[in-house]
Amino acid sequence: MPVESQRSDGRLVMSADDVRRAITRIAHEIVERNHGVDDVVLVGLQRGGVWIAEQLSDALAAIEKPVPCGAVDVSLYRDDVGLRPIVPGRVTDMPFALDGSTVVLVDDVLFTGRTVRAALDALNDHGRPRAVQLAVMVDRGHRELPIRPDFVGKNLPTSRDENVAVDADGVVIT
Amino acid sequence: MKHLLDIDSLKADDIHHLMALTDHMVEVNQRPIPKVPALRGKTVVSIFFEDSTRTRTSFDTAARRLSADVMNFAVSSSSVNKGESLRDTIETVSAMGVDAFVIRHGSSGAAQQITQWTNASVVNAGDGWHQHPTQALLDCYTIRTHLNRREGFDGLRIAIVGDIKHSRVARSDIQAFTRLGALVTVVAPPTLLPPSMDGWPVEVSHDLDAIVPEVDVLYLLRMQRERMTDALVPSLREYTSLYGLTPARARTLSPHALVMHPGPMNRGVEMAVDPSELPGSVIIHQVTNGVAVRMAVLFELLGSGSGLKAEET
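Line by line, the protein sequences are chains S and F. Residue numbering for the first sequence follows our numbering, starting at 636 and increasing by one per position. Residue numbering for the second sequence follows our numbering, starting at 9 and increasing by one per position.
One thing to keep in mind: the hints can contain errors.
[Said to hold, decoys possible] Take a look, some chain F residues computed to stay more than 10 Å from chain S by CB distance:
hint, residue
1, H32
2, P40
3, V78
4, D206
5, E222
6, L250
7, N274
[As the list claims (entries may be wrong)] Here are a few chain S residues that face chain F, going by a calculated C-beta distance under 10 Å:
hint, residue
8, R713
9, L755
10, A757
11, I808
[To be verified] DEER-style ranges, computed between Cβ atoms:
hint, chain 1, residue 1, chain 2, residue 2, range
12, F, S17, S, G776, 44 to 50 Å
13, S, S794, F, D77, 39 to 45 Å
14, F, Q38, S, D652, 38 to 44 Å
15, S, P701, F, I41, 26 to 32 Å
16, F, I41, S, R655, 33 to 39 Å
17, F, G207, S, P730, 46 to 52 Å
18, F, R245, S, R682, 54 to 60 Å
Read the hints as simulated data drawn from the structure, not as lab findings. Just so you know, even glycine gets a beta-carbon here, dropped at the ideal spot from N, CA and C.
Isolated chain S, as found in the complex (with noise of 0.2 Å):
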């Protein structure tokens, strides 16, 4: 059960322990929906998904075998191109091509999915993968496009001017 306590000025929604067990059974989710890792790769949203890619990848290597993590920069793809500013130094890094495999696409937060869809015409133009899922650690709602996550640490409501923060020591909202 998650820890529901005060942390700094925010509400802890998920413990570090919660986030590490939710990477880990994302991990197995991933192998049973494939059967197995052939040909699967995980490719994290900068920035927010690399390290969550970067965990899942060490527990797919744990239960069944190393598959390639790469991380995609979606700025340049986004629809709201100039209404935000990017952040340098988050680069694309897809060293392997995506040609016939399957991409998990790894992200911290999914809102309102115009990420997730900047990062689909990115991936476009890196190749052809014969499938793409979605794995997020939390699932806050409030979408604005059909996009739906195929793995979900938590699904967390949410009200739209509350921030939702993730990374190893756990989830807060503000």
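With the hints as your guide, set chain F onto chain S.
For chain F alone, kept in the frame of chain S given last:
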């Protein structure tokens, strides 16, 4: 940032920001499909009143890789030949709906001037002897990558050799390199230096042999042959023997030193060795990085929305 007119108006942080943005663009350029939709629907017009191969094609390529529309304005076949003024030309093209002008002009300050006549962003692609800021940025990026100086150029020794007086590249480079912390020495005959070097943050030398072994970067400028009529140097051969990179001088370069040149090269004049045989030559990388740097500049001016507050995903 609305315009890029000179290096002087950039702070060190601005240069670092553009360098970091360039990292993204370099990655885009390495992909099988080197094109992103970032500037879809934006129109970039390049107007070159002076000849250019690399700068013009570099800007065009940069704009296209960001999915901007590129309008090419050939001055030689335009109404400029019928006596249309620069102002009328800019206002006319501007009225067609333009988001950015990339302009090269023989007069110093031309880029600054046209910002008064249009609401579009203006990128200076070279104005007279004044400035060539994207060249300086791509030079910084090349040094940053090849000498692994992501944090800045503190203590880096750079020599800029040749026709400083007529060189907009030198003016931009000196400002950019020193702003990032480098120690710059200019090496040139007195006739190819500006009348006064007061206020330039550089050392001046006339002895290339003493400088070459000391530097981390040897930056050769193009000997502008079209200026040879002014009798600024006795002969090209004498220039080469005193200020050219000869095989004998190349052997005294330190092993890690970079050799750079903004192009086009005069082989046998300032470059008296085959650059492909110089291990430190990064001249071709300068050209490659030029596209990425210009993508970063266009994106910064037209698409980044920098200065606005980030909202949550």
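10 Å Cβ clearance of F:H32 from chain S: Violated, since 6 Å does not exceed 10 Å.
F:G207 paired with S:P730, Cβ distance criterion 46 to 52 Å: 48 Å, holds
Cβ separation check - F:P40 to all of chain S, threshold 10 Å: Answer for F:P40: violated, closest chain S Cβ roughly 7 Å.
Restraint satisfaction for S:R713 [CB to CB of chain F, less than 10 Å]: Holds: closest Cβ of chain F sits about 8 Å from S:R713, inside 10 Å.
Hinted contact S:I808 with chain F - closest CB pair below 10 Å: 12 Å, violated
Outside-interface status for F:E222 - nearest CB in chain S farther than 10 Å: 33 Å, holds
Whether the CB-CB distance between F:Q38 and S:D652 falls inside 38 to 44 Å: 40 Å, holds
Hint validity - S:A757 Cβ closer than 10 Å to any chain F Cβ: S:A757 check passes; min Cβ-Cβ to chain F is 8 Å, inside 10 Å.
Hint check: 10 Å Cβ-Cβ cutoff, S:L755 to chain F: 12 Å, violated
Outcome of range test on Cβ distance (F:S17, S:G776; 44 to 50 Å): Given range 44 to 50 Å: holds, Cβ gap about 45 Å.
Status of the given 39 to 45 Å range, CB of F:D77 versus CB of S:S794: 41 Å, holds
Non-interface label on F:L250, tested against every C-beta of chain S at 10 Å: 43 Å, holds
In this structure, the hints that do not hold are numbers 1, 2, 9, 11, in rising order.
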